[in-house]
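Chemist: Position chain B relative to chain A; hints supplied.
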Amino acid sequence: MDDLHSLPLHDLHVELGAKMVPFAGYDMPVQYPAGVMKEHLHTRSAAGLFDVSHMGQVLLRGEVAEVARAFEGLMPVDVVGLAEGRQRYGLLTNDMGGLLDDLMFANRGDHLLVVVNAACKVDDIAHMRAKMPEVEVVEVTDRALLALQGPKAEAALSALAPEVAAMRFMDVRNVTLVGAEAWVSRSGYTGEDGFEISVPVAQAEKLTRALLGNPDVLPIGLGARNSLRLEAGLCLYGADIDTTTTPVEAGLNWAIQKVRRAGGARAGGFPGADIILDQLANGAPRKRVGLRPAGRAPMREGVMLYPADGATDPVGSITSGAFGPTVQAPVSMGYVPIDLSTPGTIISAELRGKRAAVEVTTLPFTPANFKR
Amino acid sequence: MKFTEEHEWLREEGDEIVIGITEHAAEQLGDIVFVELPEVGTEVSKDDECVVIESVKAASDILAPIDGEITEVNEALVDDPGKINEDPMGDAWFIKIKPAEPEQMDDYMSEAEYRDMIS
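Just so you know, the sequences run in chain order A and B. As numbered in the numbering used here, residues 1 to 372 make up the first sequence, in order. As numbered in the numbering used here, residues 1 to 119 make up the second sequence, in order.
Simulated from the structure, these hints should not be mistaken for lab results. We put the CB at the ideal spot given by N, CA and C, even for glycine. Take the hints with a grain of salt, since some may be wrong.
[Claimed, not checked] In the SDA-like style, the derived pairs of lysine to any residue whose C-alpha atoms are separated by at most 25 Å in a straight line are:
| id | chain 1 | residue 1 | chain 2 | residue 2 |
| --- | --- | --- | --- | --- |
| 1 | A | LYS258 | A | ARG108 |
| 2 | B | LYS46 | A | GLY353 |
| 3 | A | LYS354 | B | ASP47 |
| 4 | A | LYS354 | B | GLU36 |
| 5 | A | LYS19 | B | ARG115 |
| 6 | A | LYS38 | B | ASP91 |
| 7 | A | LYS354 | B | VAL52 |
| 8 | A | LYS38 | B | GLU36 |
| 9 | A | LYS354 | B | ALA58 |
| 10 | A | LYS38 | B | VAL52 |
| 11 | B | LYS83 | A | THR326 |
| 12 | A | LYS38 | A | ALA210 |
| 13 | A | LYS371 | A | ASN226 |
| 14 | A | LYS354 | A | ARG292 |
| 15 | A | LYS206 | A | VAL175 |
| 16 | A | LYS38 | B | ALA76 |
| 17 | A | LYS206 | A | HIS54 |
| 18 | A | LYS19 | B | MET117 |
| 19 | A | LYS19 | B | LYS83 |
| 20 | A | LYS38 | B | GLU23 |
| 21 | B | LYS83 | B | LEU10 |
| 22 | B | LYS83 | B | GLU8 |
| 23 | B | LYS83 | A | PRO33 |
| 24 | A | LYS38 | B | GLU27 |
| 25 | A | LYS19 | B | MET89 |
| 26 | A | LYS38 | B | HIS24 |
[Unchecked claim] Here are a few chain B residues that face chain A, going by a calculated C-beta distance under 7 Å:
| id | residue |
| --- | --- |
| 27 | GLY30 |
| 28 | ASP31 |
| 29 | VAL33 |
| 30 | PHE34 |
| 31 | GLU54 |
| 32 | VAL56 |
[What the hints assert, rightly or not] Each pair of labels, with its calculated beta carbon distance range:
| id | chain 1 | residue 1 | chain 2 | residue 2 | range |
| --- | --- | --- | --- | --- | --- |
| 33 | A | ASP3 | B | ALA58 | 21 to 29 Å |
| 34 | B | SER110 | A | HIS5 | 37 to 45 Å |
| 35 | B | GLY82 | A | GLY73 | 45 to 53 Å |
| 36 | A | ALA159 | B | GLU39 | 50 to 58 Å |
Just chain A, same shape as in the assembly (with noise of 0.2 Å):
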């Protein structure tokens, strides 16, 4: 692959002892010598520090209330009534009600700051760019983009800058650390507290090596980074939503809120709203569930699901799966239709041509430990 990407923290990486491997067109570590099950543990008990520059960062220019307004035009979530310093989860939704991309944004005063996938980020920022000629659409490619995850992850970046410790799920403050401008918010993907750090990449060297000489701070690959996810019960996007799924069918509907919802101030105006609006007060045909496979066999993105041993046609499709090692067990999430949603309910699914039973359950796995 000729074009892939080498993050700005590449020969770092490769100094840690990582295993490179290409995801979304970045040459990335998917893990560091502790290896997957330790990288995952580490992050649960301690801290850990991944590095997800690969990830778009865009500025939303303009006059912000503007802005925020014309964003809500792309999204079924309340943009306007996000206060500054504040970050909401959002979705790219597009006219049949399907998702282009699930993100975060932030208010910061004078602009907003959106996160968004690595895959997605170039289409996403084409579609900004056409459906909101008004704003200036910014990708920033000077920043690298840390997330420092863990129960241990106040003390390590207080140590830093006190500051931080104040900071609640969700706020964005502009810190400095070891001299450098970030823009930090607390938030990440792993189901722990901690904070997601967007740092100039003059420094991030610096600040990698001053939080990795935290003895808690471990530096956790992607591989971790997946697992971890999954326990919380986040979606991957391109694994457990993309275009074909709706933000209903993707249990989703608390990125929804009222004032956007049937009945709200800003009701609708977002591309797919008939759908997703009629799916909000009718339901959805098919709902994104955690499940449980018996036994210890992982079952991973593609194994079809059945709603009995005995059933031929498969009614469903796991969407991704992992061992889980906080867990213990495997765990998977994936589509089935609403009768079978209930949790609790056993379904059947084919893992290398042999039937399994898999118990449908709650998201996520382990219990969110967030700062509220």
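Modeler: Okay, now just chain B, sitting in the frame of chain A:
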């Protein structure tokens, strides 16, 4: 001890062949979380899929390196697959086969040849 290109090792023990995966393979696979072993008494042919292992990353099939009958399987691995990462060349053997054609062993690499291959 003999080695296959599929990173398995074969050790003669009386009239049986003990089979496992190499340290190099275990390292490449990462943390192993699941093992499915064949039933004792199964007749296998060379290149039959006979063991499934899953690491945190992916599933892999272990192929029978020789023809013969499975005479013993290492049940302890089912409850503790992590043993394969800890001691792949020792305690964490997978299966024992009573070979139908013991001379099939001659096709495989010596330890020195295997080391050359992975270096």
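Chemist: The structure should be examined with respect to each hint, and the outcome stated for every one.
Modeler: Verification of the supplied hints:
1. A:LYS258 to A:ARG108: Roughly 23 Å separates the two Cα atoms, so the pair holds.
2. B:LYS46 to A:GLY353: holds (21 Å)
3. A:LYS354 to B:ASP47: Given pair A:LYS354, B:ASP47 holds - Cα atoms ~20 Å apart, limit 25 Å.
4. A:LYS354 to B:GLU36: Distance of about 12 Å is within 25 Å: holds.
5. A:LYS19 to B:ARG115: Roughly 21 Å between the alpha carbons, so the hint for A:LYS19 and B:ARG115 holds.
6. A:LYS38 to B:ASP91: It holds: about 22 Å lies between the C-alpha atoms, which stays within 25 Å.
7. A:LYS354 to B:VAL52: Between A:LYS354 and B:VAL52 the Cα gap is close to 13 Å, so the pair holds against 25 Å.
8. A:LYS38 to B:GLU36: holds (23 Å)
9. A:LYS354 to B:ALA58: holds (18 Å)
10. A:LYS38 to B:VAL52: Measuring from Cα to Cα gives roughly 23 Å; hence the hint holds.
11. B:LYS83 to A:THR326: holds (18 Å)
12. A:LYS38 to A:ALA210: Distance ~22 Å between A:LYS38 and A:ALA210 Cα, so the pair holds.
13. A:LYS371 to A:ASN226: holds (22 Å)
14. A:LYS354 to A:ARG292: Given that 25 Å is the threshold and the Cα spacing comes to 16 Å, the pair holds.
15. A:LYS206 to A:VAL175: holds (15 Å)
16. A:LYS38 to B:ALA76: holds (22 Å)
17. A:LYS206 to A:HIS54: holds (19 Å)
18. A:LYS19 to B:MET117: holds (20 Å)
19. A:LYS19 to B:LYS83: The given pair, whose Cα atoms are some 22 Å apart, holds under the 25 Å limit.
20. A:LYS38 to B:GLU23: Measuring from Cα to Cα gives roughly 19 Å; hence the hint holds.
21. B:LYS83 to B:LEU10: holds (18 Å)
22. B:LYS83 to B:GLU8: Holds, at about 16 Å.
23. B:LYS83 to A:PRO33: Given pair B:LYS83, A:PRO33 holds - Cα atoms ~18 Å apart, limit 25 Å.
24. A:LYS38 to B:GLU27: holds (14 Å)
25. A:LYS19 to B:MET89: holds (23 Å)
26. A:LYS38 to B:HIS24: Holds - the C-alpha atoms of B:HIS24 and A:LYS38 are around 19 Å apart, at most 25 Å.
27. GLY30: Cβ of B:GLY30 sits 6 Å from chain A, so the hint holds.
28. ASP31: Since the shortest Cβ distance to chain A is 4 Å, the answer is holds.
29. VAL33: holds (4 Å)
30. PHE34: holds (5 Å)
31. GLU54: It holds, given that the least Cβ distance between B:GLU54 and chain A is near 5 Å, below 7 Å.
32. VAL56: B:VAL56 check passes; min Cβ-Cβ to chain A is 4 Å, inside 7 Å.
33. A:ASP3 to B:ALA58: 21 to 29 Å: holds (25 Å)
34. B:SER110 to A:HIS5: 37 to 45 Å: Holds - the Cβ-Cβ distance for B:SER110 and A:HIS5, about 43 Å, lies within 37 to 45 Å.
35. B:GLY82 to A:GLY73: 45 to 53 Å: Between B:GLY82 and A:GLY73, where Cβ atoms are some 51 Å apart, the hint holds.
36. A:ALA159 to B:GLU39: 50 to 58 Å: holds (56 Å)
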